[in-house]
Amino acid sequence: NAGVTQTPKFQVLKTGQSMTLQCAQDMNHNSMYWYRQDPGMGLRLIYYSASEGTTDKGEVPNGYNVSRLNKREFSLRLESAAPSQTSVYFCASSEAPSGVGIEQYFGPGTRLTVT
Amino acid sequence: RKEVEQDPGPFNVPEGATVAFNCTYSNSASQSFFWYRQDCRKEPKLLMSVYSSGNEDGRFTAQLNRASQYISLLIRDSKLSDSATYLCVVLSGGGADGLTFGKGTHLIIQP
Numbered sequence: 182n183a184g185v186t187q188t189p190k191f192q193v194l195k196t197g198q199s200m201t202l203q204c205a206q207d208m209n210h211n212s213m214y215w216y217r218q219d220p221g222m223g224l225r226l227i228y229y230s231a232s233e234g235t236t237d238k239g240e241v242p243n244g245y246n247v248s249r250l251n252k253r254e255f256s257l258r259l260e261s262a263a264p265s266q267t268s269v270y271f272c273a274s275s276e277a278p279s280g281v282g283i284e285q286y287f288g289p290g291t292r293l294t295v296t
Numbered sequence: 002r003k004e005v006e007q008d009p010g011p012f013n014v015p016e017g018a019t020v021a022f023n024c025t026y027s028n029s030a031s032q033s034f035f036w037y038r039q040d041c042r043k044e045p046k047l048l049m050s051v052y053s054s055g056n057e058d059g060r061f062t063a064q065l066n067r068a069s070q071y072i073s074l075l076i077r078d079s080k081l082s083d084s085a086t087y088l089c090v091v092l093s094g095g096g097a098d099g100l101t102f103g104k105g106t107h108l109i110i111q112p
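Chains C and B, in that order, are what the protein sequence lines are.
Using the working numbering, the first residue of the first sequence is number 182, and each one after it goes up by one.
Using the working numbering, the first residue of the second sequence is number 2, and each one after it goes up by one.
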């Protein structure tokens with residue numbers, strides 16, 4: 182039982198390049214999330230998927246797209262990377278949408294640098 | 002914008018001491034509260050949920066004060082392994098996007 186896995190762990194992009202961050206969970210969770218974490222900032226929600234087949238914008242969705250490929254996988258795509266997207270990206274999952282007693286489980290993160 | 006405020010620290014505490022820190026939240030309608038722990042360059046992990054009546058898990062005690070809109074975390078008999086950043090997390094409103102994370106309080110336990 183690996184929990185939440187993310188690939189890649191590290192990535193360096195040039196401005197304007199595109200890439201997809203992959204996330205998978207093996208806990209049969211319904212909800213999945215993408216966050217970014219910047220120095221001096223709390224985790225900020227980019228996109229989430231409350232259940233398979235649905236996706237919604239979070240607090241900072243601009244410059245990103247997501248795909249809930251199936252119940253296990255939720256990918257995050259940067260179409261044209263910008264230096265402002267340099268950050269640590271965390272994927273998370275939970276059994277149900279956030280609520281009382283609902284814990285989010287996080288992946289190990291992807292450290293992305295855009296030059 | 003939903004706000005969750007924490008003292009960033011660092012709190013430098015000798016091993017074996019008791020340490021406490023608070024977190025304030027701005028939305029009086031917030032429903033659920035959590036403390037997550039994040040080790041350096043690692044992912045956040047749930048430490049404990051915070052219930053209205055307060056709750057204790059070993060050396061850790063969490064309290065909620067709705068009137069003053071803050072939650073607290075108390076760590077007794079601190080260990081070197083308690084060194085980490087502690088994130089206050091507040092759920093306001095329903096739905097998957099309802100969580101707001103504080104910026105975290107950095108705790109360093111010194112031998």
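Hints were generated in silico from the structure; no laboratory data involved.
All values reported here derive from a predicted model rather than from experimental measurement.
Be aware that a few hints might be false.
Cut-off 30 Å, straight-line C-alpha distance, at most; resulting in silico cross-link-like pairs (DSBU-like, lysine-lysine) [what the hints assert, rightly or not]: (1) C:Lys195 <-> C:Lys238; (2) C:Lys238 <-> C:Lys190; (3) C:Lys195 <-> B:Lys43; (4) B:Lys46 <-> C:Lys252; (5) C:Lys252 <-> B:Lys80; (6) C:Lys190 <-> C:Lys252; (7) C:Lys238 <-> C:Lys252; (8) C:Lys238 <-> B:Lys46; (9) C:Lys238 <-> B:Lys80; (10) B:Lys80 <-> B:Lys43; (11) B:Lys80 <-> C:Lys195; (12) B:Lys80 <-> B:Lys46; (13) C:Lys190 <-> B:Lys46.
Now for the hints, and whether the structure bears them out:
Distance check on the hinted pair: lysine 195 of chain C and lysine 238 of chain C sit about 25 Å apart at the alpha-carbon level, within 30 Å; holds. Proposed proximity of lysine 238 of chain C and lysine 190 of chain C is supported: the alpha carbons are some 24 Å apart, at most 30 Å. For the proposed pair lysine 195 of chain C and lysine 43 of chain B, the alpha carbon gap of about 25 Å is at most 30 Å, so the pair holds. Between lysine 46 of chain B and lysine 252 of chain C, the direct Cα distance comes to roughly 22 Å. Compliance with the 30 Å bound is thereby established for this hinted pair.
Distance hint between lysine 252 of chain C and lysine 80 of chain B is unfulfilled; the C-alpha atoms sit about 39 Å from each other, more than 30 Å. At most 30 Å may separate the alpha-carbon atoms for a hinted pair to count; lysine 190 of chain C and lysine 252 of chain C meet this at roughly 22 Å. Proposed proximity of lysine 238 of chain C and lysine 252 of chain C is supported: the alpha carbons are some 18 Å apart, at most 30 Å. Between lysine 238 of chain C and lysine 46 of chain B the CA atoms are separated by roughly 23 Å; this keeps the pair inside 30 Å, and the hint holds.
Between lysine 238 of chain C and lysine 80 of chain B the CA atoms are separated by roughly 40 Å; this puts the pair beyond 30 Å, and the hint is violated. A hinted pair counts as satisfied when its Cα atoms are at most 30 Å apart, and lysine 80 of chain B with lysine 43 of chain B qualifies at roughly 19 Å. Restraint check for lysine 80 of chain B and lysine 195 of chain C: not satisfied, since their Cα atoms lie roughly 43 Å apart, outside the 30 Å limit. A threshold of 30 Å between alpha carbons decides the hint, and for lysine 80 of chain B with lysine 46 of chain B the separation of about 18 Å falls inside it, so the pair holds.
Under the criterion of a C-alpha separation no larger than 30 Å, the hint pairing lysine 190 of chain C with lysine 46 of chain B is consistent with the structure, at around 18 Å.
This entry does not satisfy hints 5, 9 and 11, going by the numbered hints stated previously.
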